[in-house]
Amino acid sequence: MKDRVRLAIPSHPRYLCMVRDLTVRMGKMTNIREEEIEDLKLAVDEACSNVIRHAYKGDTTKRIVVQFRISPRGLEVVIDDNGLKANPELIRGRDLDDLKPGGLGVHFIKRTFDCVEFDPKKRSGNRLKLIKYLTGQL
Amino acid sequence: MKIELTSHSSHIVIVITGEIDMSSSPELRARLLELIHKKPPVLFVDFTSVSYIDSSGIATFVEGLKGMMPYGGRLKFVSIPPKIAEIFGFAKLDKVFEIHGSMDDALRP
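Residue numbers (this note's numbering), protein chains in the order written: chain A, 86 to 223; chain B, 523 to 631.
A few of these clues could be false.
[Stated by the list, open to error] These stretches of chain B come out as covered by chain A in the derived footprint (C-beta under 8 Å, 3 or more residues):
{"id": "1", "segment": "532-545"}
{"id": "2", "segment": "571-579"}
{"id": "3", "segment": "602-612"}
[Claimed, not checked] Below are the BS3-like pairs computed for lysine-lysine, each with C-alpha atoms no more than 27 Å apart in a straight line:
{"id": "4", "chain 1": "B", "residue 1": "K561", "chain 2": "A", "residue 2": "K185"}
{"id": "5", "chain 1": "B", "residue 1": "K588", "chain 2": "A", "residue 2": "K185"}
{"id": "6", "chain 1": "B", "residue 1": "K524", "chain 2": "A", "residue 2": "K185"}
{"id": "7", "chain 1": "A", "residue 1": "K195", "chain 2": "B", "residue 2": "K605"}
{"id": "8", "chain 1": "B", "residue 1": "K605", "chain 2": "A", "residue 2": "K214"}
[To be verified] Here are the computed distance ranges between Cβ atoms for each label pair:
{"id": "9", "chain 1": "A", "residue 1": "L184", "chain 2": "B", "residue 2": "K560", "range": "22 to 30 Å"}
{"id": "10", "chain 1": "B", "residue 1": "T570", "chain 2": "A", "residue 2": "E202", "range": "37 to 45 Å"}
{"id": "11", "chain 1": "B", "residue 1": "S573", "chain 2": "A", "residue 2": "K206", "range": "34 to 42 Å"}
Keep in mind that the hints were calculated from the coordinates and are not lab data.
Where a beta carbon is used, it is the ideal one built from N, C-alpha and C, also for glycine.
If we strip away everything but chain B, and leave its shape as in the complex, we get (with noise of 0.2 Å):
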């Protein structure tokens, strides 16, 4: 797995390539809850190149969210695969996480 920072509209992107699984999640979960200690309004994921993602990884995604709830931040995840966006909708995370088709999408207000 690889993550780069990326950024749009000044916005920070979390370009993520590759696979997240329980080797790599430690150290998704390590830059997501550093850049979410300094309390960014918006945090976008691009899914694009994500391959596989197990249950660590969506924990960690989890975890970074309700970090970002007490102070009304939103986590958006951008152009997520079908077999993984199956594995949001099927863990019923669909719903709780901000899915977007697009940069473009999920810049819309």
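The shape of chain A in the complex, shown without the other chains (with noise of 0.2 Å):
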């Protein structure tokens, strides 16, 4: 069986420490290595922040669930939301080389996660999925 495990939160930035320390215990259960647990932590922060801002546009009375799965193979973790529909081909993080605040936290998602992916499936709102692959599983 895989070890699943499910995290409802209101759509407040102040739940997000929430977020971050199952976020660290999941990857430390996962075997995933110690300098990269903080990535991890970051990324997953990171997409939830996302959420609160575009998919419900500051509204924090919504609902994020965040789903982590434990496989042999790594850790995946997946994000729903009731928001407004993101469109991927839109979603970019800023030049690195272009000073301006904002448009960091995609760069911090996909330098973690080995996939990162709307499903498209879902009819409202948004569900992504992120895959961390442990060393040597890709």
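With the hints as a guide, bring both chains together as one complex.
Here it is as structure tokens:
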């Protein structure tokens, strides 16, 4: 059986610390290397922040569901919301040589996870699937 | 996150403790921009006790730096923990911000 853990939080930034704490624990249980755990924490945090900022436009009364699944190959994180549909083609980080606030979150997510994709079958809202393979399991 | 203002050799030092994230960065932004409004020649930020920073925290400092640039102000970061320094490096901000190992280093002209 694959190990699954589910966390549902209100879409308020004050609950993001709970997502970070659980991400660290799940990363350790998956045996992800210690030096990659902090990257994992930042990446999942950024993905949930993006839900609040873009899908929910700052509405703190909605819900974000984060599911973790440990497998022998690595850790899968699935983030669900019921907000505005994201257009994956328009999601890109800012040019790192361009000094301006914002636009870094996508870079932090993509540098950490081996797979970053929105589920096209989700009819309303968004389902972002993130996979981090254990070293040597790619 | 906790923000304290101290002084070192007559310069303002912003001492931050804890996590800078989407929840706490609005408070940091307000305090930082309030200070920058007074156009200090140099602002120091002590990162010794910062345990985490996300993109909203980094964006706050980028905004602060851009607010200081027009009048020639300098934003100096002191004692950044290695993991946070790595994040600044990845974002190519280690060449944009002035980063120093200690207050003594930061005070050298």
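Evaluated hints:
Here the segment 532-545 of chain B counts 4 residues with a CB under 8 Å from a CB of chain A, which clears the bar of 3, and the coverage holds. Judged by the Cβ-Cβ criterion of 8 Å, the segment 571-579 of chain B is covered by chain A as claimed, because 4 of its residues qualify and three suffice. Residue count for the segment 602-612 of chain B with a Cβ under 8 Å from a Cβ of chain A: 3. That meets the three needed, and the coverage hint holds. A C-alpha spacing of about 20 Å is found between K561/B and K185/A, which places the hinted pair at or below 27 Å, so the restraint holds.
For the proposed pair K588/B and K185/A, the alpha carbon gap of about 8 Å is at most 27 Å, so the pair holds. Between the alpha carbons of K524/B and K185/A the distance comes to roughly 25 Å, so the proposed pair stays at or under 27 Å and holds. For the suggested pair K195/A and K605/B, the alpha carbons sit about 18 Å apart, so the restraint of at most 27 Å is met. As the CA atoms of K605/B and K214/A are separated by approximately 26 Å, the hinted pair is consistent with the 27 Å bound.
For L184/A and K560/B, the Cβ-Cβ distance of about 23 Å falls inside the hinted range of 22 to 30 Å, so the restraint holds. The hinted window of 37 to 45 Å between T570/B and E202/A holds, with their beta carbons roughly 39 Å apart. Between S573/B and K206/A the Cβ separation comes to about 38 Å, which falls inside the hinted range of 34 to 42 Å.
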